[in-house]
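Trainee: Model the full assembly from the supplied sequences, consistent with the hints where possible.
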Amino acid sequence: MRVFVGIDLGSTTTKAVVLDEYGEVIGRGITNSRSNYDVAAQIVREEAFVRTRFTLLERRIQFIEELERNFRLQQHLELLDTLRQAMLMLAGGPKHAAYAHELTGRLDEVCNRMRERARAQFAPGAVRKSDFFRDLAAADYMALAEKTAEPKGITFDLLCGIFDAAILSVENATIENGFERHIRTALAECGGQAAALKPAVDEVLAIDLQELGTVGTGYGRQRLPFPKEQIRSEILCHGLGAHAMFPGTRTVLDIGGQDTKAIQLDSEGIVTSFQMNDRCAAGCGRYLGYIADEMNLGLHELGPIAQQSTQRVKINSTCTVFAGAELRERLSLGQARQDILAGLHRAIILRAMSLLARSGGVHEELTFTGGVARNPAAVAALQELVAENYGARTLNTSSDSIYTGALGAALFARRAAERMAA
Amino acid sequence: MSDIVTVGMDVGSSAVKTVVARDAQPLVFRIDRIRKRDLRKVIDESYDAALAEAGIKRDDVAYLATTGEGELVDFRRGHFYGMTTHARGATFLIPETRAVLDIGALHARAMKVDARSKVLAYRMTSQCASGSGQFLENVARYLGITLEDVGPLSCSASNPEMVSSICAVLAETDVINMVSRGIQTADILKGIHLSMAGRYVKLLRAIGADGVVTITGGLAADVGLAEAVRQKVREDKLQLEVRTDPRSIYAGALGAALWAEYRHRVLSQRSAA
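Those protein sequences? They're chains S and H, same order as listed.
Numbered according to this note's numbering, the first sequence spans residues 1 to 422.
Numbered according to this note's numbering, the second sequence spans residues 1 to 273.
Keep in mind the hints are simulated off the structure, nothing from the lab.
Values in this document were obtained by computation on a predicted structure and should not be read as measured data.
Just so it is clear, CB atoms sit at the ideal spot from N, CA and C, and this is done for glycine as well.
Some hints here could point you the wrong way.
Chain S side only, calculated, beta carbon under 10 Å to chain H, not exhaustive [unchecked claim]:
{"no.": "1", "residue": "24"}
{"no.": "2", "residue": "157"}
{"no.": "3", "residue": "296"}
{"no.": "4", "residue": "332"}
Mentor: See the structure below:
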């Protein structure tokens, strides 16, 4: 690799800068000037070269980010194509025969626009509203459909109906060889750096991932195609997972999609008592999911908006659906959405507090897991309410806390395999 | 005397219904689903489209009355409570009506009415959306079927799957599970209809309804739900005849348009005197 070096030998310090062929700074070095100027220049050059090599490594890593982003884009584009086919097939059905041509044209146009938008959604630094294709596609589609729809003929309702039916078939198709499928196209899209990582990609492609053990848990665990001994209750898995992440944990609050669990643990991560919510969405993650849908926001966006609140609103409804209606009503009355959202976050945590109390209180340390623990406003509300009711407690959260149950399950799988081997 | 044009707009949480009437006879019935669009825009569109269909200009409307969440219609002249408009709309459509079952997106209401559509007694579902229209709309979306197909499918069910959970939001996951267990869409819908119907029949019993019950509100067009209510009525051995009309979903807006005509007349007489 060809580089250019500049050295500034000062009275106190000696500085060096390395440029690449394109004039970009790829390394800097600094050392103290000493009695021997030659040595100082030598050392500072070597320092700058060390830094240069790290920069080159960083570029590779950045390239991996780019590669993964390209990969995700390819995946998304493939699903968009499947969606287009599914919608066009529905549009070609006998039900829409009278205006099939017009409808097909509109759908094609909407799909083309969705493809164009996808590039921007997967651009460097872009924040996506959701991790899931369904959410991303629905948000784009609805916005575009509203624009293209007419009061009569190709109505908004008709377009929505076609999407709703098509997305099901898209979601229910499984995809084989996920990595292999798109990695080469993604690599090719990376341009200049592609050649450098090709051997690594090939090597990784050739690795055989041997699944020595698998354990299932969660709400749907009984439906998993696993033998009985490979199923563990979600209480046990969340307990063990939380213990593995934060060994000092004695109380776990897990707010998942439709379950809220308060679990007490001993020092080994063994469950000593627990409480779960009744089958009501108020007080679990679906509550916030429903609210996000109502507001056309991504789930990730709720917390940060709620945190901007200066004057929290008290939400009167308990039921999720009614809370949604109350939200709409308050919004149309002109109340600030951040204040309403702050109230909604407090409402969900208030429900969790009663569950914690029934399970035996909050002991040092408290670990907050499940999807809702990713939400900063929910964490803040919990911190506030725990301090009010139990005094100061360490509150553990992790950006990976949504995986706590799966982590516990994987640890059970490993334990079982070790026991078999012994 | 010139024709009196009145308009009733029923702003629900799921759809806006608009009825244009001339001399207390309905001319145009219109429904616009909100589907997360800006409500004010939907209201404006619905109003203008309904008037265009009737061939009437805004200036020629003598009285615009709202019902439901009509506060957002800032160009209205008056507002009527949902119960009075549904009662009036139902008795207009089916004069023998002695009870009204209004099933909307969020609430269900049973009202006992007399021949002049006066509300004698009423009962509402509680502050929980189990068995609401919103719930059914969500379920239909998860099943990938349009709301119009829900009723006929439910009627074709042979082995209804009873819904175990009652939470409107979490029942959606139950539905997904049922699909993955291979249960037929028709049987899922029928099970949901029956569980909803059970709740409504309790309301009807509580108000001491007898005679003809007319279903109104957004779910009135759902023939499967009406059939489920009839089945529950038979099981409970109640002396009720459950009816719907193709225009039942517009009962609120229709009632508002009719009350608007009445109020306009009273006001004109008063100003003349």
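Trainee: Each hint should be assessed against the structure and marked as holding or not.
Mentor: Structure-based check of each hint:
At a threshold of 10 Å, the smallest CB-CB gap from residue 24 of chain S to chain H is about 47 Å, leaving the interface hint violated. With a cut of 10 Å, the hint placing residue 157 of chain S at the interface with chain H holds, because the nearest CB-to-CB distance is about 6 Å. Nearest Cβ of chain H to the Cβ of residue 296 of chain S: about 6 Å, under the 10 Å cut. The hint holds. For residue 332 of chain S, the shortest C-beta to C-beta distance to chain H is roughly 6 Å, which falls under 10 Å, so the interface hint holds.
Checked against the numbered hints above, the structure violates only hint 1.
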